[in-house]
Amino acid sequence: MISLAERQYQFMASLLAEDADPLETSSSKLGAGLAIYRNNYRTTLIEALMDTFKRTARWIGDDVFHQAAAHHVIVNPPSGWTLDDVGSGFDRTLAELFAKDQEVSELAWIEWFMHRAFGAANAEPLTVLAFADATAGFDDKDWSTLGLEFVPGIRTCLVHHDVAAIWHACDTDDVSHPPYALDEPLACHVYRDGEQPAFITAPAFESPALNAMVGGAHFGDVLDLLFKLRPHESAVADAGAMLGRWLNNGFIIGLRT
Amino acid sequence: MTPEISPYAGFGIGLRTDYYGDFIEHDVPVDFVEVISENFMLEGGRPLRILEQVRTKYDVILHGVSMSVGSAHGIDEAYLARLKCLAERIDPLWISDHLCWTRTSAHNSHDLLPLPLTHEALDMVCRNIDHAQNILGRAMLFENPSSYLTFPEDEMTEWEFIAAMARRTGCFLLLDINNIYVSAHNHGYRARDYLAGIPHEQVRQIHLAGHTPGPIIIDTHDREVADGVWSLYKEALRFLGPVATMIERDGNIPSLTELLSELDIARSLAGYEALQAVS
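Top to bottom, those sequences are chains A and B. Heads up: the first sequence at position 127 corresponds to 127 in the working numbering, and the numbers run straight through without jumps. Heads up: the second sequence at position 236 corresponds to 1236 in the working numbering, and the numbers run straight through without jumps.
Rather than coming from a laboratory, the hints here were simulated on the basis of the structure. Be aware that one or more of the hints could be misleading.
Straight-line alpha carbon distances no greater than 20 Å define the calculated SDA-like cross-link-like pairs of lysine to any residue that follow [as the list claims (entries may be wrong)]: (1) 29/A / 1187/B; (2) 29/A / 1151/B; (3) 29/A / 1213/B; (4) 29/A / 1189/B; (5) 54/A / 1018/B; (6) 141/A / 212/A; (7) 29/A / 1150/B; (8) 228/A / 204/A.
Given these sequences and hints, build the entire structure.
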């Protein structure tokens, strides 16, 4: 008799197969049932992707999205216990499928990390006043060694399209495609504002700066990065403005000195 | 030894996002709500805040879809740890999941897949349930599945499998009347034999739901409870007596008023059967 493990391995292989299983296409009762499970499996995963990537679907159209989603679940069958993880890497799948339309994967990246931010741990952002109090006595060395703690779920990347305009176009169902390409890339930060996931665009230098500081770098390391890009005074001013934006948007929850 | 779960005879519905506002802002005439555990196994954010608010007014049941007690590869320990955290946070009436498998060591189907009804599968299910109940520190309820196929290696009926599972693990049962109806039709057995064959004293909850008719009936939870399922519910109440009952709706979500009207049918039937029992 077939073992339980072998039966489950065979069953799962039938669900994951790109084409219908030979058993399924036969007239057997087992085959008819298997076809239902196979359809349920695909439908569940594609609907989960459709739910997470609503604007991406609107941007490229439901039929095209459906094909891309089907391709994604065939190439990346889920392994984790949560259905939420099905969207992991979908932006990369879209980057391959829409190599000439990079805004598609940029939009999907934003939707994916907004989805992740939605269920991220709660944290109370530091107010501008509290930050000013905490850093009032700082000298140059203190600023240089300052580290920051950020709200859980925050992510950043560079985008090459006006993603805010595309987002708005999707919301208004105006998905005509004028040239949304940017002359210069922008940073795009995804975070949660209270209970609401959100994203903002910012000058491009903020993306490597935020990534570095989320990864534990000091403010001095960020200044060094900026000194390589622009004159000393301008770099200090830009870094200050960046910190102000991060505080005003509630990105920072604590200091590490 | 896992603790006993006391009988509880209220009426409830599945808490879906469409109803969040009603449950937060008004008093909804239900005794409990059931939520899909996985939707709240998060680090933070709105869903958990809502659930905690709802919990201050209603009993909550955590109903999972991903424990996979039928898996030959055991239970995902990270999953169990997350579920335990949620249970400690919410203090549910009880925790339930399904008699099914969803995963192998490599992949997850995110569907409730049928088990071969063999002694080997029974041993595996009992080991996995024992482990889950030990980690969670409480007895669980397990739901009878709906299914669209049977396996040539089956060695017993589903009700024999479930009776043995409950006897060996001390787990309780969540009896889905629609699932019995669906599987009885799909596999050609008598639903009454199923009802008669399960250990009635272990049943703590009933699910009612709608299905899509056809040569193979599909358990879709996207429409009203069918007449045949209501009839089977009445028959189940004669075996079970008063038992917690809820309506599951996962697609084509109706207004709360419509769903509560449907729940009133369950209340009326349960009241009638209770009167019949004492007269």
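Verification of the hints:
{"no.": "1", "hint": "29/A / 1187/B", "result": "holds, 10 Å"}
{"no.": "2", "hint": "29/A / 1151/B", "result": "holds, 10 Å"}
{"no.": "3", "hint": "29/A / 1213/B", "result": "holds, 17 Å"}
{"no.": "4", "hint": "29/A / 1189/B", "result": "holds, 15 Å"}
{"no.": "5", "hint": "54/A / 1018/B", "result": "holds, 18 Å"}
{"no.": "6", "hint": "141/A / 212/A", "result": "holds, 19 Å"}
{"no.": "7", "hint": "29/A / 1150/B", "result": "holds, 8 Å"}
{"no.": "8", "hint": "228/A / 204/A", "result": "holds, 14 Å"}
Consistency note: the structure conflicts with none of the earlier hints.
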